[in-house]
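Undergrad: One letter stands for each residue in the lines below.
2 protein chains.
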Amino acid sequence: MSTTSKATTATSWQAGSGSVDDETLRRIDRWWRAANYLSVGQIYLLDNPLLREPLTRDHVKPRLLGHWGTTPGLNFLYAHLNRAVAERSQSTIYVTGPGHGGPGLVASSYLDGTYSETYSDITEDEEGLRRLFRQFSFPGGIPSHVAPETPGSIHEGGELGYALSHAYGAAFDNPDLLVATVIGDGEAETGPLATSWHSNKFVNPAQDGVVLPILHLNGYKIANPTVLARISDDELTALMHGYGHKPHVFVGGFDPEESHVEVHRRFATMLDEVLDEIAEIKARAAAGDVSRPLWPMIVFRTPKGWTGPDEIDGKKTTGSWRAHQVPLANARDTEEHLEVLEKWLESYQVSELFDATGGLDPDIRALAPTGDLRMSANPHANGGVLLRDLRLPDFRDFAVDVPTPGGSFAEAPRILGNFLTEVVRRNPDNFRIFGPDETASNRLQAVFEVTDKQWNAEFYGPDVDEHMSRAGRVMEMLSEHQCQGWLEGYLLTGRHGLFTSYEAFIHIVDSMFNQHAKWLKVTNDIPWRRPIASLNYLLSSHVWRQDHNGFSHQDPGFIDHVVNKKAEVVRVYLPPDANTLLSTYDHCLRSRQYVNVVVSGKQPAPNFLTMEQAVAHCTRGLGIWDWAGSEVAGEKPDVVLAAAGDVPTLEVLAAADILRREIPDLKVRVINVVDLMRLQDEREHPHGLSDKQFDGLFTADRPVIFAYHGYPWLIHRLTYRRRGHANIHVRGYKEEGTTTTPFDMVMLNDLDRYHLVIDVIDRVESLGTAYAGLRQEMVDARIRAREYTREHGDDIPEVRDWVWPDAQDLADSGQVDATAATGGDNE
Amino acid sequence: MSTTSKATTATSWQAGSGSVDDETLRRIDRWWRAANYLSVGQIYLLDNPLLREPLTRDHVKPRLLGHWGTTPGLNFLYAHLNRAVAERSQSTIYVTGPGHGGPGLVASSYLDGTYSETYSDITEDEEGLRRLFRQFSFPGGIPSHVAPETPGSIHEGGELGYALSHAYGAAFDNPDLLVATVIGDGEAETGPLATSWHSNKFVNPAQDGVVLPILHLNGYKIANPTVLARISDDELTALMHGYGHKPHVFVGGFDPEESHVEVHRRFATMLDEVLDEIAEIKARAAAGDVSRPLWPMIVFRTPKGWTGPDEIDGKKTTGSWRAHQVPLANARDTEEHLEVLEKWLESYQVSELFDATGGLDPDIRALAPTGDLRMSANPHANGGVLLRDLRLPDFRDFAVDVPTPGGSFAEAPRILGNFLTEVVRRNPDNFRIFGPDETASNRLQAVFEVTDKQWNAEFYGPDVDEHMSRAGRVMEMLSEHQCQGWLEGYLLTGRHGLFTSYEAFIHIVDSMFNQHAKWLKVTNDIPWRRPIASLNYLLSSHVWRQDHNGFSHQDPGFIDHVVNKKAEVVRVYLPPDANTLLSTYDHCLRSRQYVNVVVSGKQPAPNFLTMEQAVAHCTRGLGIWDWAGSEVAGEKPDVVLAAAGDVPTLEVLAAADILRREIPDLKVRVINVVDLMRLQDEREHPHGLSDKQFDGLFTADRPVIFAYHGYPWLIHRLTYRRRGHANIHVRGYKEEGTTTTPFDMVMLNDLDRYHLVIDVIDRVESLGTAYAGLRQEMVDARIRAREYTREHGDDIPEVRDWVWPDAQDLADSGQVDATAATGGDNE
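Residue numbers (our numbering), protein chains in the order written: chain A, 9 to 835; chain B, 9 to 835.
Check before you lean on any hint, since a few could be wrong.
A pair holds if it fits inside one copy or across any two, identical chains being indistinguishable in the list.
Below, in silico cross-link-like pairs of lysine-lysine (DSBU-like), each with a Cα-Cα straight-line distance of 30 Å or less [what the hints assert, rightly or not]:
hint: 1; residue 1: Lys209; residue 2: Lys324
hint: 2; residue 1: Lys254; residue 2: Lys209
hint: 3; residue 1: Lys675; residue 2: Lys700
hint: 4; residue 1: Lys323; residue 2: Lys700
hint: 5; residue 1: Lys742; residue 2: Lys574
hint: 6; residue 1: Lys324; residue 2: Lys351
hint: 7; residue 1: Lys700; residue 2: Lys644
hint: 8; residue 1: Lys574; residue 2: Lys254
hint: 9; residue 1: Lys323; residue 2: Lys209
hint: 10; residue 1: Lys675; residue 2: Lys323
hint: 11; residue 1: Lys644; residue 2: Lys574
hint: 12; residue 1: Lys323; residue 2: Lys351
hint: 13; residue 1: Lys675; residue 2: Lys644
hint: 14; residue 1: Lys675; residue 2: Lys254
hint: 15; residue 1: Lys742; residue 2: Lys254
hint: 16; residue 1: Lys574; residue 2: Lys324
hint: 17; residue 1: Lys574; residue 2: Lys700
hint: 18; residue 1: Lys675; residue 2: Lys209
hint: 19; residue 1: Lys351; residue 2: Lys742
Source of the hints: derived by calculation from the structure; they are not laboratory data.
All of these numbers come straight from a predicted model, not from anything done at the bench.
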């Protein structure tokens with residue numbers, strides 16, 4: 009596979025020749041037989057790859073691991089697409105929804121030559137075949153599913169449900185690309201897949217590529233029939249029509265009287281009709297009609313395990329769920345199964361497929377297109393080779409003015425929106441923003457100055473359809489699964505983007521994140537897979553400010569979920585204000601092969617750092633805020649107040665303010681953490697601090713009161729190896745949250761300024777009992793604040809209107825107003 | 009609301025009277041106006057609840073929080089359902105998909121009297137109305153969404169997507185219950201909702217209740233149109249037909265010329281048609297035809313924010329996304345908005361709805377049914393009041409024989425399956441097992457001796473449709489979302505069940521788990537909500553044994569996710585063998601108000617404890633396995649080997665075996681942990697050990713090598729406050745897993761017996777350098793084991809065939825065979 013190609017320059021969207029001759033049909037069948045043979049061989053054979061000698065138990069793997077049932081259908085489709093792709097020179101990638109059919113995709117890429125080009129050890133001869141078979145699902149070998157190791161794949165075959173989302177992500181902004189997407193009828197039962205059909209309402213037929221969904225109804229899952237295979241044809245076609253598709257139904261393999269050539273003729277003819285319809289749609293779009301067409305799709309109904317043994321142990325196998333995994337579980341243990349296996353393998357007539365040395369018959373190879381047109385070699389399926397850097401403006405140009413710490417207010421994401429507006433403008437075809445109906449809610453609406461939300465369902469008019477058009481950089485559908493799946497597909501094919509969502513509901517894609525993080529981890533060790541752009545999250549409706557929504561919308565645990573994955577692929581940032589958010593996001597957009605989680609509230613909040621300070625702070629990832637503390641140069645602090653997250657930062661500063669006023673001799677160090685991974689040991693994360701650095705900041709023996717955005721445990725987990733760990737006392741979210749004002753919310757979780765002061769008094773031994781009075785004042789202040797909210801429905805003014813003391817003059821003169829940021833200049 | 013009721017004894021499924029008179033239609037309209045008025049009042053008003061004086065800014069809440077747009081539609085439907093429920097005496101619950109319409113459901117339950125019965129402070133007079141308005145989305149008040157606090161709800165209004173799944177869960181085994189389910193068109197875009205329409209293929213029309221889906225197309229989300237509102241009527245009805253429904257389309261509110269009475273007449277007539285169709289289906293089913301009917305559903309197309317202000321600030325509001333949240337954001341700040349608000353409130357003609365004291369006009373109240381037939385008072389929506397204990401057999405009767413530790417083998421879930429078989433038999437109408445096509449794969453197939461998988465799509469015949477019928481206790485659909493949603497709905501309406509799934513893919517429902525755990529936490533503090541049965545997971549395809557699947561199927565992080573929720577509602581169990589699994593699950597099935605996560609592998613594994621020992625071990629939750637260690641009575645151990653999880657237990661025992669042989673003087677303590685929460689501090693979890701207990705087991709100063717099933721961090725997190733924490737060294741899963749044999753897998757993650765011995769040598773200071781030779785042997789053994797797998801594709805016999813020494817005699821005589829359990833007696 010080429011690792012430096014540009015996107016293929018095939019002439020796309022040609023009409024077909026109209027008919028397929030018998031010779032080609034026979035060639036298709038021979039390819040299919042070869043692919044099926046190689047698939048069965050991978051699952052079962054340790055040796056004797058060309059069946060030169062009678063099959064013995066020793067030729068059979070001791071542990072039979074893999075999935076046969078879906079594979080022959082995948083191979084059939086791959087063979088036919090080969091023919092059509094070659095004939096039309098149509099750049100095409102193949103997305104394998106039923107990714108457990110791994111042997112099929114490996115077989116197909118072996119047959120078109122890509123596999124041996126990619127893995128030189130897997131040669132095109134008998135020894136290569138032996139290795140090909142042996143390595144499959146074998147210790148030290150390759151996974152049983154379609155995987156990053158499989159040439160031509162952008163879609164890990166682990167979890168089911170995301171084939172169409174990935175396919176559409178790949179198609180966006182690739183106007184010449186066909187994404188042939190096989191959807192298993194098992195996968196079709198999942199929620200994410202069920203809604204992903206509607207992706208066609210978000211496609212622009214001129215600017216975007218084409219997804220051809222192929223619903224493979226082989227009828228069964230692990231041990232059950234599938235829903236879509238057991239509803240009437242009438243309901244099934246209605247469903248597809250309802251999803252906005254024109255279904256073409258193919259039924260093959262159930263009639264033993266019909267020759268393979270006839271079966272192939274029927275499918276090839278239908279495939280040509282489908283591709284001609286697509287070519288017509290594309291021609292109409294090129295002529296200016298970009299309204300949503302009725303996109304064709306294929307229903308492909310076949311027996312499960314097609315071409316496998318009809319019966320095993322007297323039970324129907326082919327055409328049943330029993331064909332799902334390894335139909336002959338005892339092929340190594342019983343003569344009976346061994347015999348069935350041998351007959352099965354022989355049925356493909358291997359001697360007609362490979363020559364005496366194990367080389368593939370060139371006539372079979374000739375079915376496939378050549379070079380980058382091979383679906384396994386298409387550079388879009390190795391997106392890193394097509395990746396262009398984003399053209400980024402200087403983020404410093406978008407800085408907010410910070411005359412003094414706390415001396416101005418902003419909604420940080422709104423400022424980021426200004427920056428992203430310029431990113432969108434400069435990168436009109438390889439950068440998109442994804443979100444479930446929350447781009448404006450999350451304050452990125454400035455981007456609508458230069459782009460729209462892409463939408464291709466009906467329009468009602470400008471009074472209700474604001475910032476919407478048939479082409480735009482913002483993708484909004486109320487499905488986190490779609491947003492994540494689209495973005496993954498977009499990134500995996502070499503583009504850039506971000507996903508903005510509610511912090512609580514990003515858990516909806518926990519499992520998708522897992523798969524993507526695993527993909528990144530594995531591809532880091534696959535030299536021919538080139539790095540792709542990072543997957544960037546912006547979580548700006550976060551746990552502390554669910555005033556409108558309450559407890560059900562509060563969950564900061566996505567961070568915990570993320571840090572379970574390999575340190576080399578995950579990053580978590582908690583910028584405390586607007587300029588740090590700008591600096592952080594610039595970094596994220598430049599990075600590769602990471603998942604970057606950025607949490608930054610969308611409510612008006614004080615800015616603390618000038619841009620220069622912000623850059624320095626973000627570069628270090630964490631640091632002492634001298635201006636906020638009350639340290640004495642050269643002396644150890646009495647206590648460290650640390651914060652990670654915007655709301656905790658505010659409360660820590662307010663606590664520091666109280667301490668400076670009330671206990672002026674107390675040496676307080678204030679630390680702010682942007683890059684959460686800095687807390688970890690350098691042996692555990694590449695961003696981690698050394699113990700010496702850590703102790704230099706947090707001390708090894710002074711109390712640390714740590715105000716953290718999320719569940720407090722995580723800070724302990726990240727720091728448990730530090731010398732001073734026993735002194736670290738963390739305040740964070742502890743699942744207490746049925747309230748509606750910001751300060752009531754932090755009080756419920758003991759993260760408020762007053763409680764932080766209490767924590768200091770309780771933990772700094774040198775204070776003794778001298779400050780019992782102050783402690784009581786803090787307790788009273790909390791009670792007063794709580795009562796005020798219950799009486800007035802708003803936070804007590806002494807809290808609501810608090811500003812950092814340096815900014816008090818500006819506040820008094822009306823130059824700083826927390827509420828001013830809400831409707832500010834950016835809308 | 010009654011808290012002790014039996015299920016209502018309404019005569020169900022009557023046909024309607026055929027027409028609705030004008031007086032009733034006017035009554036419906038007055039109910040609707042009253043509900044809308046109360047909804048607007050909740051969102052905006054602090055005071056002046058009956059508009060007795062001109063509205064002033066002080067009457068308006070300082071923080072306007074809530075959602076108007078969906079509410080009038082919800083109120084409309086509630087009003088009409090009231091009429092039909094009363095007329096037909098049809099037991100009905102109302103599931104509010106668009107749960108952000110919280111004010112509407114509170115208003116409706118106030119109007120039918122339930123609210124004041126439930127909350128005596130919210131009286132039916134002016135003062136009660138004032139409190140009703142004030143408490144909404146107010147500090148110390150109630151949430152803005154439909155919530156556990158809302159009478160009549162089983163469905164938290166936080167996250168969108170699960171309305172239909174919950175509804176079907178409620179309907180199963182409630183043959184007389186109608187579940188009227190409103191689905192927002194925003195929610196309809198989510199994946200889980202999109203597939204949940206297919207739930208109708210799993211309903212038995214005789215044995216189960218009826219879900220009536222009402223798709224509320226108000227056309228807009230937060231800032232966008234919705235997909236289903238912007239496709240053609242043709243596509244929409246095709247989609248519903250494809251989902252297996254007969255759609256009845258209603259359009260209301262767009263014609264200003266049509267009187268409200270006429271609008272109500274059209275809807276009432278349609279609703280009667282729909283309910284008559286349902287009654288016919290039910291009659292057919294009662295007569296024996298339980299095949300899947302074409303269930304009716306309603307498309308309910310209305311303006312968003314119907315009856316609200318047409319325009320605000322010159323922009324179209326009603327009938328647009330601008331009506332979504334709080335349309336008059338500045339009602340307290342500007343005269344203009346205040347005036348609009350006053351007119352809006354006045355438009356409902358409050359003086360016609362309430363009398364001078366604030367009492368509701370009895371004529372309006374008369375629309376609602378009475379007693380438990382009120383949808384807000386239906387006992388099914390407070391399932392704890394209907395909950396019956398399971399009739400459980402004695403789990404001890406299902407014990408496996410364990411002649412000596414390791415002296416027999418079993419697939420633990422298969423043994424559990426035997427127990428569950430008897431549970432199913434004894435509880436034929438209130439216990440179900442849910443799973444995504446994995447009941448047999450997860451080894452619970454014994455249950456098919458007494459029940460089937462419930463399925464109501466097409467049947468093909470017994471050669472492929474094993475253990476399937478139109479009525480059965482096992483529910484399998486390839487959607488974890490559906491399994492979870494159905495089970496939640498089933499539990500919330502007072503029944504019992506469990507969910508078996510792959511460990512990695514249970515993350516698919518992370519977010520649903522969050523909501524359910526939050527529901528349990530909140531209901532613990534709501535006295536009228538009675539406890540419900542726990543939600544039980546069985547994760548038996550776990551991280552260590554993905555031989556067929558590999559890296560993509562490996563993730564033990566669900567446990568980490570779960571323990572972020574309130575300690576009072578979560579429990580995690582890792583039974584090490586079959587008898588402990590039996591004891592654990594018996595406990596789980598008896599428990600209430602928890603989420604119980606049980607992880608237990610499905611592969612053949614040795615049994616260690618007799619049933620008597622297992623009960624004692626599970627009762628303690630953790631304990632020293634004397635027989636495995638080499639302690640000297642009365643002396644402190646030199647090292648502690650701890651294990652949590654079945655695979656870690658095996659490796660720890662094998663390591664202990666090596667140590668006993670190679671370093672006979674070393675005093676090794678072996679601890680096994682079943683109940684993970686025991687590790688936590690007693691102040692943090694009700695199951696937590698005291699420090700004294702913990703130190704007594706783990707010591708405060710000896711090295712602890714802890715072999716853990718999941719990500720190692722969790723053990724640190726649970727134990728970081730313990731005195732000996734610095735000595736605890738954890739081995740667990742660290743995202744290394746591309747291999748296919750069990751021992752290769754544990755080696756990749758350094759959890760294997762040889763590495764555990766190395767850990768002991770490295771950490772027990774007294775061993776000094778005397779055992780450098782043994783250490784090297786361990787290193788060599790690992791290399792040898794690794795090489796063996798790569799050569800033979802299987803684990804090295806010395807590992808694969810290892811048994812605990814006490815069982816060696818049995819093994820030598822062929823009485824213990826690890827492979828024997830696979831096809832054992834239970835199939």
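Undergrad: Can you name, in rising order, the numbers of the hints this structure does not satisfy?
TA: Numbers 4, 8, 10, 11, 14, 15, 16, 18 and 19 - these are the hints that the structure violates, sorted from lowest upward.
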